[in-house]
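A.B. asks: The listed protein sequences correspond, in order, to chains A and B.
Sequential numbering of the first sequence, starting at 1, is according to my numbering.
Sequential numbering of the second sequence, starting at 1, is according to my numbering.
There may be inaccurate statements among the hints.
Remember, identical chains collapse to one label, so a pair may be satisfied in a single copy or spanning two.
Unchecked claim - Cross-link-like lysine to any residue pairs, in silico, SDA-like; alpha carbons within 25 Å at most:
| # | residue 1 | residue 2 |
| --- | --- | --- |
| 1 | Lys-233 | Ala-7 |
| 2 | Lys-2 | Thr-204 |
| 3 | Lys-3 | Glu-241 |
| 4 | Lys-2 | Arg-293 |
The set of hints was computed from the structure by calculation and includes no laboratory data.
2 protein chains.
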Amino acid sequence: MKKLLNAPSDVVTDSLRGLAAAHPELRVDLTHRIVYRADAPVPGKVGLVSGGGSGHEPLHGGFVGPGMLDAAIAGEVFTSPVPDQIVEATRAVDSGAGVVHIVKNYTGDVMNFEMAAEIAAADTGTEVVAVVLDDDVAVQDSLYTAGRRGVGVTVLAEKLAGAAAEAGRDLNGVADIVRRVNENGRSMGMALTSCTVPAAGRPTFDLPENEMEIGIGIHGEPGRRRVPVAPAKEIAEMLLEPILADLDFTGGDGSTGVIAFVNGMGATPLLELYLMYGEVAAALQKAGVNVVRSLVGPYVTSLDMAGCSVTLLKVDDELTGLWDAPVRTPGLRWGV
Amino acid sequence: MKKLLNAPSDVVTDSLRGLAAAHPELRVDLTHRIVYRADAPVPGKVGLVSGGGSGHEPLHGGFVGPGMLDAAIAGEVFTSPVPDQIVEATRAVDSGAGVVHIVKNYTGDVMNFEMAAEIAAADTGTEVVAVVLDDDVAVQDSLYTAGRRGVGVTVLAEKLAGAAAEAGRDLNGVADIVRRVNENGRSMGMALTSCTVPAAGRPTFDLPENEMEIGIGIHGEPGRRRVPVAPAKEIAEMLLEPILADLDFTGGDGSTGVIAFVNGMGATPLLELYLMYGEVAAALQKAGVNVVRSLVGPYVTSLDMAGCSVTLLKVDDELTGLWDAPVRTPGLRWGV
């Protein structure tokens, strides 16, 4: 295993220490492994909290700041944070307006966020609404999931709900945005190589030199099938086909088009991600799907896995406006 | 070789096509492989042009836009663009105020930019001032270079000179900023793995499973030495030692501190880059170096190489102000 780290057991805390050093505008609680925007709780604003296993950076800690999350909770690599951490973050960002939990659909996360919401409600009367994301069309049930997995749409949900909270919407209004994003967004990923979990020290799975895995999860969970490595144009079609089959993205239901998101899995350089985006954009044009906004880069990674995923989110003018609203986080920033 | 591409010979054009699709606010000339900000030439503004071999994305095409470059010219992977391309870009962005060329110190780039400047001056009277960057302290001469190589400081020079041009400085004023950045900036890189050039189809060099290369170039050129893989803390010290020995970054000469930049080589995930930044920040504090701004991420990559580099740039209030000025490019964006 070749990685830039000290002891594998310290990788999460050491990385959070670096995030804190690079971003003095954030407040990082190294004991509880929580990243806060420095001015949380923001008076009158709904708190927005997410989190999950580490290894997906910039998700979630890199998406904390004005216009996005109030707090992000880091678990061990590929392991849910524990309820105590989630309770701590939830209480800390509650201004009295309540807190929305954005939870990716993995058994551990769902259980621990649920337990934390109950504890926060019982102990301090914090009102929590949780929304579970399950946008991955690759598989129904999988290694860590009952139902679909939560993947790429999480970034879009955190951005759009963050803008809604910043704009002063109430608890249910912010939660509704997350729900709409989940209902209208779908993702599909692929891998050229495995990732290597630091504590394991060896690749999670073996993938022969001439094969790729279609429908991979963000923890190296098996996908739909292994096939020979294909040209980028064919990979784009393989990823889009099940997404386009699952929802109608061609408009006519009040949507004006899609946000098209090509995500890097961690070890795939931008040269290749932009190349993939070109193929995705061409395929969408052919399919009659109108792209109103795009995002290209490594935003929901899987440690050092090489590969990518595609996410499409149907939007209307309201969601597009929330997308364009100012955001200031380490991972996404514009307008400020 | 496992990469997201179609034919290896089309990788640069295909990737530029994707950049164009994702960023309609840019104008991409696929024939000449030039990325322009859409409103170039900007009346009265000095034009800022850079470019070089592809494979370092987002450098340079991802740094085109208001507050940074007016045009970026893409060569083949790890190969200088030809003079004709550079002439084309130079003329196109000249509003009459002249054009600054930012050139990384590689033999091919230096020669071709020089020839292009002469042609542009002779044919259309375009006044060009070129500044060559050579911030890499690792080696004196190397595979593609007489003298030091130009690496990480390029991003900082493009940002700071871009802000100066946007603020209305004249040709020599903008070129002076690039010169100051080069004089006050130093870099050092390392690799855990080789990169693979698409046309070659196999790794540029072999690096045993337990070794890393200290002082690596951004094309896989040999560095100073191969040593056993070490903890991140020690790697940070190995990279900082020759930088701190080469220039005094502790202030007292009018500088208020440094911009500290930890760069990813392409296949190193953010989890590890932030961890490295934490070690760099701690080592700088110990060395009495004041960090006023930071940048962490893959900005000058070397295809799919795993590794990182550290750049320190001495700044005063003027340079810090230029750093903070609004910028809107695919790779760096804030304030707009």
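A.B. asks: Is it within a copy, between copies, both, or neither that the alpha carbon of Lys-3 lies no farther than 25 Å from that of Glu-241?
C.D. replies: between (35 Å within a copy, 21 Å between copies)
A.B. asks: Please work out whether the CA atoms of Lys-2 and Arg-293 approach to 25 Å or closer within one copy, between two copies, in both situations, or in neither?
C.D. replies: neither (37 Å within a copy, 29 Å between copies)
A.B. asks: Using 25 Å as the alpha-carbon threshold, which applies to Lys-233 and Ala-7: within, between, both, or neither?
C.D. replies: between (40 Å within a copy, 10 Å between copies)
A.B. asks: Quick one: Lys-2 to Thr-204, C-alpha cut-off 25 Å, is that within a copy, between copies, both, or neither?
C.D. replies: Both ways: Lys-2 and Thr-204 sit 14 Å apart in one copy and 18 Å across, limit 25 Å.
When held up to the earlier numbered hints, the structure conflicts with hint 4 and nothing else.
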